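> For the sequence shown, the residue numbers in the UniProt record's numbering are 1 to 465.
Any given hint might turn out to be false.
To be verified - Straight-line C-alpha distance at most 30 Å; calculated DSS-like pairs for lysine-lysine: (1) K22 <-> K47; (2) K47 <-> K29; (3) K459 <-> K426; (4) K144 <-> K22; (5) K29 <-> K42; (6) K213 <-> K127; (7) K127 <-> K264; (8) K237 <-> K392; (9) K237 <-> K127; (10) K144 <-> K428; (11) K459 <-> K428; (12) K213 <-> K22; (13) K428 <-> K392; (14) K47 <-> K264; (15) K27 <-> K42; (16) K459 <-> K237; (17) K144 <-> K38; (18) K38 <-> K127; (19) K428 <-> K127; (20) K22 <-> K264; (21) K127 <-> K29; (22) K42 <-> K127; (23) K459 <-> K264; (24) K38 <-> K27; (25) K47 <-> K213; (26) K392 <-> K426; (27) K144 <-> K42; (28) K264 <-> K237; (29) K42 <-> K22.
No wet-lab data here; the hints were simulated from the structure. For clarity, every value in this text was computed on a predicted model and none was experimentally measured.
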Amino acid sequence: MVTGRGVYCDCCGVCADRGCIKVADRKIKCKAITSSDKGPMKHHWVKGNLPIGACCYVCEEECGSEYGLVDWFCCWCQRTVHSRCRVHLEEVCDFGPYRNQLIPPSCVVLTKKRSSVRRKLQLRSVKSPGWENWTPIIVLANCKSGNNDGNMILSLFRRLLNPAQVLDLGEQPPEAALEWCSLLGNVRATVLVAGGDGTIGWVLNSVNNLQLKPNPGVAILPIGTGNDLSRILGWGKAHCPDSDPGVVLQQVQNAHLVQLDRWKIEVHPYRHLGIRLPVRNMFMYNYLSVGVDAQVTLDFHRARASPFYIISSRLINKMLYLTYGTQQVMERGFRDLEQRLELYLDGVRANLPSIESVVVLNIPSWGAGVHLWSMGAAGSEDVAPQSYSDGKLEVVALYSSFHIAQLQVGLSQPHRVGQASCVQIKLKDRIPVQVDGEPWEQHPAELNITFHNQATVLKCAEVGE
Numbered sequence: 001m002v003t004g005r006g007v008y009c010d011c012c013g014v015c016a017d018r019g020c021i022k023v024a025d026r027k028i029k030c031k032a033i034t035s036s037d038k039g040p041m042k043h044h045w046v047k048g049n050l051p052i053g054a055c056c057y058v059c060e061e062e063c064g065s066e067y068g069l070v071d072w073f074c075c076w077c078q079r080t081v082h083s084r085c086r087v088h089l090e091e092v093c094d095f096g097p098y099r100n101q102l103i104p105p106s107c108v109v110l111t112k113k114r115s116s117v118r119r120k121l122q123l124r125s126v127k128s129p130g131w132e133n134w135t136p137i138i139v140l141a142n143c144k145s146g147n148n149d150g151n152m153i154l155s156l157f158r159r160l161l162n163p164a165q166v167l168d169l170g171e172q173p174p175e176a177a178l179e180w181c182s183l184l185g186n187v188r189a190t191v192l193v194a195g196g197d198g199t200i201g202w203v204l205n206s207v208n209n210l211q212l213k214p215n216p217g218v219a220i221l222p223i224g225t226g227n228d229l230s231r232i233l234g235w236g237k238a239h240c241p242d243s244d245p246g247v248v249l250q251q252v253q254n255a256h257l258v259q260l261d262r263w264k265i266e267v268h269p270y271r272h273l274g275i276r277l278p279v280r281n282m283f284m285y286n287y288l289s290v291g292v293d294a295q296v297t298l299d300f301h302r303a304r305a306s307p308f309y310i311i312s313s314r315l316i317n318k319m320l321y322l323t324y325g326t327q328q329v330m331e332r333g334f335r336d337l338e339q340r341l342e343l344y345l346d347g348v349r350a351n352l353p354s355i356e357s358v359v360v361l362n363i364p365s366w367g368a369g370v371h372l373w374s375m376g377a378a379g380s381e382d383v384a385p386q387s388y389s390d391g392k393l394e395v396v397a398l399y400s401s402f403h404i405a406q407l408q409v410g411l412s413q414p415h416r417v418g419q420a421s422c423v424q425i426k427l428k429d430r431i432p433v434q435v436d437g438e439p440w441e442q443h444p445a446e447l448n449i450t451f452h453n454q455a456t457v458l459k460c461a462e463v464g465e
């Protein structure tokens, strides 16, 4: 990692001036990805550059506070120690507080050794260290998307884990990263995904395609805007990239497995000029919407793909959403949407009022934290409870963009159409559609939403059921 005045190794913590990189590489051994040593693992000591406020593990006094490279730090167990106290510490490393989530280098067998963790590793096998309650974690993020948050997060986790456990989805697809899980045998791994709803869905789709047994538990580190799935699973609305990764690992370790319904969407385009277009299949975890809110999402994605979109930040993204939402309030391009589509719940056509959007919900949170289905339903027995693991979908209709703005601040409630195990939407016109934040403009077609199976995800223990 390049800093202002030099370079920093985010695996072992060694710092060097730019002109000293080759000397440092030759003299200082970096954190090993794999090892052929048969005996117990010894501490990997790095001199200096200790964390702020570090305390000696032996005498429990502050260390590393003097000028220059003083005292020592083990890049595996994270212990810090004075130079004078180091002789009182055992040589064998126990891998510290994160050992149950860490894959020791002696357990990783490669088909071909690689000189850099940045290159794709060719794994041959992963052996169990024989530890009780061992649940190795794989950390994934896409460093090419967003505003470099993913790169910073991966850098922090490389310091605590085996660098090979920390993977960039911008360099390899989830299927390649999830190869770890298939090599662990009967050990259930944890996959920590740093990203938005789209990245989470991408990884969950890959887990389903690979048919991993046992299914890894997927935890979320939310990046960007929205993050509705992260909100309902207790991981929060946004993660600060420079937060302590040790706290995140502790939260993941204390989290519990829950099942999340996975819905299959089949898009059957109607014949165009006598030509039958191919059927499009996809999976949904959060929600699907048709109409004005999908148009706002589509406009936002087009703006992000524009060459004029130079600066990426949460504030700018929110301003763009506000701008496009206000535009739809003024234009009302989806007035009388109910005349441009037909909606069926379990085969029965629904009667719709004058609306501008239809939303099909799998989870309670929509539009960055709005609980649509339950809004204004406190104490009402007419509104059925909502769950993301009951095999049912909730369908609501929204009257306008102004109505959406009212929902965002809790001043209104949606038109509840009903619950169903199968939802069908027949589009008579070209209308924007979005699934889990991924929008497109759909020509006349029939959308069939049916239950497929369930994904295994992790819910933060700090949030009650």
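> Sort out whether K392 lies within 30 Å of K237, counting only the CA atoms.
holds, 25 Å
> Check the hint pairing K237 with K127 against an upper bound of 30 Å on the C-alpha distance.
violated, 36 Å
> Mind checking the alpha carbons of K22 and K47 for me, to see if they're no more than 30 Å apart?
holds, 18 Å
> Would the pair K127 and K29 pass a check requiring their Cα atoms to be no farther apart than 30 Å?
Holds, because 24 Å separates the two Cα atoms, which is no more than 30 Å.
> Would you check the hint for K27 and K42, treating anything up to 30 Å between C-alpha atoms as holding?
Within the cut-off at roughly 19 Å; holds.
> Are K144 and K38 close enough, with their CA atoms no more than 30 Å apart?
The hint is violated at about 39 Å.
> With the threshold set at 30 Å, check whether the alpha-carbon distance from K47 to K264 stays at or below it.
violated, 54 Å
> Run the distance test for K38 versus K27: straight-line Cα separation, threshold 30 Å.
With Cα atoms ~24 Å apart, K38 and K27 stay inside 30 Å; holds.
> Would the pair K38 and K127 pass a check requiring their Cα atoms to be no farther apart than 30 Å?
holds, 13 Å
> Taking 30 Å as the top limit, are the C-alpha atoms of K459 and K264 close enough?
holds, 23 Å
> If you draw a straight line from the CA of K459 to the CA of K237, is it 30 Å or shorter?
Holds: K459 and K237 sit about 14 Å apart, inside 30 Å.
> Given the hinted pair K47 and K29, is their alpha-carbon gap at most 30 Å?
holds, 12 Å
Hint compliance for this structure: hints 3, 7, 9, 10, 11, 12, 14, 17, 19, 20, 25 and 27 are not met, and every other hint is.
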